[in-house]
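If you want the building blocks of each chain, they are given just below.
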Amino acid sequence: MLAGCGGVQSALQPAGQEAETVLRLFLGMLAGACVIWVAVFGTAVYAMRVSPQPHREQTAKRFIFWGGIVFPVVTLAGLLTFGIALMPELRAHGGGLRVAVSGEQWWWRVTYEPSGGEAPVVSANELRLPVGERVELMLDSPDVIHSLWIPALGGKLDMIPGRTTRLVLEPTRTGTFRGVCAEFCGESHALMAFPVVVMDRAGFDAWIEARREPARADAADAAGERLFLQAGCGGCHSVRGTEARGVIGPDLTHVGSRLSLGAGILPNDRSSLIRFIRNVEAIKPGALMPSFAMLPDAEVAAIARYLEGLE
Amino acid sequence: MRLTLGRLLLLAAGGLVLAALVVWSGVFRIAASSGHWEITDWLLHTAMRRSVSTWSMGIEVPPLDDPALVHRGAGHFASSCAPCHGGPGTPPSAVAQRMTPHPPGLADRIDEWEPEELFWIVMHGVKFTGMPAWPAQGRDDEVWPMVAFLLELPRLDAERYRMLAFGEASGADADAIAGLGADTARQCVRCHGQDGAGRGNGAFPILTGQSEAYLLASLQAYATGARRSGFMRPMAELLSPAEMRAFARHFAEATPRAARRDDEPSTDPETLRRGEAIVTRGVPSEGIPPCASCHAADGERRYPVYPLLAGQHAGYIVDQLGAFRKGVRGGTPFAHIMATIAERLTDRQMRDAAVYLASLSPDDGLRR
Numbered sequence: 132m133l134a135g136c137g138g139v140q141s142a143l144q145p146a147g148q149e150a151e152t153v154l155r156l157f158l159g160m161l162a163g164a165c166v167i168w169v170a171v172f173g174t175a176v177y178a179m180r181v182s183p184q185p186h187r188e189q190t191a192k193r194f195i196f197w198g199g200i201v202f203p204v205v206t207l208a209g210l211l212t213f214g215i216a217l218m219p220e221l222r223a224h225g226g227g228l229r230v231a232v233s234g235e236q237w238w239w240r241v242t243y244e245p246s247g248g249e250a251p252v253v254s255a256n257e258l259r260l261p262v263g264e265r266v267e268l269m270l271d272s273p274d275v276i277h278s279l280w281i282p283a284l285g286g287k288l289d290m291i292p293g294r295t296t297r298l299v300l301e302p303t304r305t306g307t308f309r310g311v312c313a314e315f316c317g318e319s320h321a322l323m324a325f326p327v328v329v330m331d332r333a334g335f336d337a338w339i340e341a342r343r344e345p346a347r348a349d350a351a352d353a354a355g356e357r358l359f360l361q362a363g364c365g366g367c368h369s370v371r372g373t374e375a376r377g378v379i380g381p382d383l384t385h386v387g388s389r390l391s392l393g394a395g396i397l398p399n400d401r402s403s404l405i406r407f408i409r410n411v412e413a414i415k416p417g418a419l420m421p422s423f424a425m426l427p428d429a430e431v432a433a434i435a436r437y438l439e440g441l442e
Numbered sequence: 139m140r141l142t143l144g145r146l147l148l149l150a151a152g153g154l155v156l157a158a159l160v161v162w163s164g165v166f167r168i169a170a171s172s173g174h175w176e177i178t179d180w181l182l183h184t185a186m187r188r189s190v191s192t193w194s195m196g197i198e199v200p201p202l203d204d205p206a207l208v209h210r211g212a213g214h215f216a217s218s219c220a221p222c223h224g225g226p227g228t229p230p231s232a233v234a235q236r237m238t239p240h241p242p243g244l245a246d247r248i249d250e251w252e253p254e255e256l257f258w259i260v261m262h263g264v265k266f267t268g269m270p271a272w273p274a275q276g277r278d279d280e281v282w283p284m285v286a287f288l289l290e291l292p293r294l295d296a297e298r299y300r301m302l303a304f305g306e307a308s309g310a311d312a313d314a315i316a317g318l319g320a321d322t323a324r325q326c327v328r329c330h331g332q333d334g335a336g337r338g339n340g341a342f343p344i345l346t347g348q349s350e351a352y353l354l355a356s357l358q359a360y361a362t363g364a365r366r367s368g369f370m371r372p373m374a375e376l377l378s379p380a381e382m383r384a385f386a387r388h389f390a391e392a393t394p395r396a397a398r399r400d401d402e403p404s405t406d407p408e409t410l411r412r413g414e415a416i417v418t419r420g421v422p423s424e425g426i427p428p429c430a431s432c433h434a435a436d437g438e439r440r441y442p443v444y445p446l447l448a449g450q451h452a453g454y455i456v457d458q459l460g461a462f463r464k465g466v467r468g469g470t471p472f473a474h475i476m477a478t479i480a481e482r483l484t485d486r487q488m489r490d491a492a493v494y495l496a497s498l499s500p501d502d503g504l505r506r
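Line by line, the protein sequences give chains A and B. To get the numbering used here, take the position in the first sequence, counting from 1, and add 131. To get the numbering used here, take the position in the second sequence, counting from 1, and add 138.
Check the hints yourself; a few may be wrong.
[To be verified] To give a feel for the contact side, a few chain A residues facing chain B, derived at Cβ under 7 Å: (1) V253; (2) M330; (3) G334.
[Unchecked claim] Simulated restraints, written as ranges between beta carbons of each label pair: (4) B/Q275 with A/R297: 46 to 56 Å; (5) B/R482 with A/A424: 15 to 25 Å; (6) B/R482 with A/R297: 25 to 35 Å; (7) B/E350 with A/R347: 31 to 41 Å; (8) A/P203 with B/T484: 53 to 63 Å; (9) B/G465 with A/G159: 41 to 51 Å; (10) B/G465 with A/A424: 11 to 21 Å; (11) B/A415 with A/F157: 48 to 58 Å; (12) A/T296 with B/R387: 52 to 62 Å; (13) A/I276 with B/T484: 42 to 52 Å; (14) A/F157 with B/T484: 49 to 59 Å; (15) B/P379 with A/E318: 34 to 44 Å.
[Said to hold, decoys possible] Partial pick of chain A residues on the chain B-facing surface, computed with a CB cut under 8 Å: (16) M269; (17) P273; (18) I276; (19) G365; (20) G377; (21) G417; (22) M425.
Treat the hints as calculated values from the structure; they're not laboratory data. Don't be surprised by glycine CBs; every beta carbon is placed ideally from N, CA and C.
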């Protein structure tokens with residue numbers, strides 16, 4: 132059963148500063164709760180079985196004073212102090228990298244804003260972070276309230292239309308984790324997740340430099356690119372380096388290199404691309420994108436091949 | 139004899155049995171040849187008038203003074219209404235006249251009705267008469283032109299009626315459309331013009347320059363009812379697959395005659411500016427992609443089944459978007475894409491985009 136407590140989406144195997152603090156707090160409280168549980172039931176057993184005769188009124192009053200007033204006040208005050216003491220650290224500004232994440236029904240718009248003053252890099256449905264650095268996530272939403280939660284890295288924070296909320300994460304080890312939307316946001320809420328990849332600094336730099344480049348479609352995919360543009364996909368999706376400049380749906384410039392499709396719900400391969408293009412309404416009910424099942428199979432396959440090649 | 143409840147009930151039951159006997163025996167002559175008794179005629183007619191008056195309450199009449207509406211209505215009247223009702227200079231068919239009740243001539247009766255009552259009758263038809271309902275329920279934008287025409291009907295002489303309904307096509311060349319018989323071709327070109335550019339006003343969509351794939355898919359959709367239209371379905375379902383291809387090929391390859399833009403596109407710069415923004419950039423915050431991403435003017439960059447919109451009549455575009463938004467249009471297998479977008483457009487956005495698209499020449503190269 133405990134195996135279910137691990138994995139890429141577990142707060143019990145922390146990979147971030149905040150998640151570690153939260154885990155310490157959780158474990159401390161769990162231990163305290165166990166002690167209190169044993170004490171309460173021990174007292175009950177003592178009172179019923181070991182010494183069932185009435186106690187003196189003086190003793191009972193003293194017991195209620197210490198056990199029912201002093202102990203809870205001291206314990207709760209201690210917890211509150213500890214909790215408040217954590218806040219400055221959580222609220223502190225990040226060091227360099229800022230990432231704007233917008234929760235949209237039902238995917239994630241991710242914009243990297245490096246501190247060096249370079250142009251922002253737009254991506255979607257995947258978050259890459261450098262290990263050991265405090266990264267500031269600027270969260271908002273254009274439609275309804277979402278909540279971003281990467282259990283392995285830290286606590287969750289609501290994404291509220293019309294205002295920007297701020298979440299600072301400091302990953303402590305590299306690896307691939309999973310984030311989800313933690314606030315019910317409509318019919319495909321449960322289909323709104325994303326992979327989180329924590330990389331070393333050099334790997335992250337190389338990755339983001341590669342994302343900065345426009346899409347490079349091989350000559351073999353020219354037919355797929357032409358169909359993609361003709362069919363109007365560019366009205367909603369961007370593929371930098373082509374005429375597709377839509378900003379309604381996810382940026383697809385490097386979609387072929389992402390770890391998942393459809394916001395963390397499908398493996399990124401050609402058959403998933405084909406399924407998604409043909410049956411969006413079945414895969415992600417309520418999504419803005421219409422299904423393109425009326426395109427001939429060969430044309431859908433060509434578009435999928437083109438997208439798969441956008442690495 | 140005293141009147142008691144029991145006797146009354148007995149009398150009623152006896153009446154019912156007698157009525158059932160009359161129906162069962164078949165002595166009632168259902169013959170149309172003898173017409174109605176005067177009292178039956180009066181009763182049915184009064185019931186019809188009262189029903190139409192009651193059920194048309196609350197229908198809002200749009201402006202009907204656009205001459206293009208009369209044109210559009212005239213074309214359909216000539217092919218679908220005149221055979222029973224007759225028209226100016228055109229007697230009704232002798233066959234239809236032996237219906238009971240026989241279809242009335244309309245010219246001298248229009249004044250007895252309000253426009254919303256005419257709308258209701260054309261849209262819903264009349265039970266126990268031969269008057270059918272509109273074949274495309276929900277397409278109000280098709281029925282109002284019929285009303286506009288009917289309101290004009292009392293003032294039409296034979297010559298003007300013939301010009302409205304048939305125009306120059308009454309004497310069209312026998313080979314107006316290669317691959318179509320002269321009679322069939324005449325039915326197409328009398329509204330759409332031999333070059334597909336319509337009749338010199340916004341009454342009919344411009345077909346010239348549309349792709350063959352789009353025209354063919356649209357005709358097929360009209361014929362099956364997937365694209366709902368009371369105007370086009372009766373025409374399209376008469377065409378064989380080969381005739382549909384001939385029609386599509388003809389208008390796809392037609393060269394437009396000298397630019398015929400009798401419907402002056404709006405020159406209001408503010409409207410055009412707003413329209414250009416929607417057409418070329420969309421409204422991303424409202425989930426509206428730019429029109430140009432699918433409807434590029436350059437045929438090479440447009441999926442073959444997508445229509446060309448640059449230079450199309452603004453009124454036609456607005457009507458189609460409205461029908462898409464209402465969910466009553468349908469169309470080619472791609473129509474649901476447009477429907478999802480039309481649902482997000484406001485009336486003003488539709489108008490602005492349509493006016494801007496109409497102001498373009500198809501050769502402008504509507505850019506993405």
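Hint check against the structure, violated hint numbers in rising order: Those not satisfied are hints 1, 2, 3, 9, 13, 16, 18, 21.
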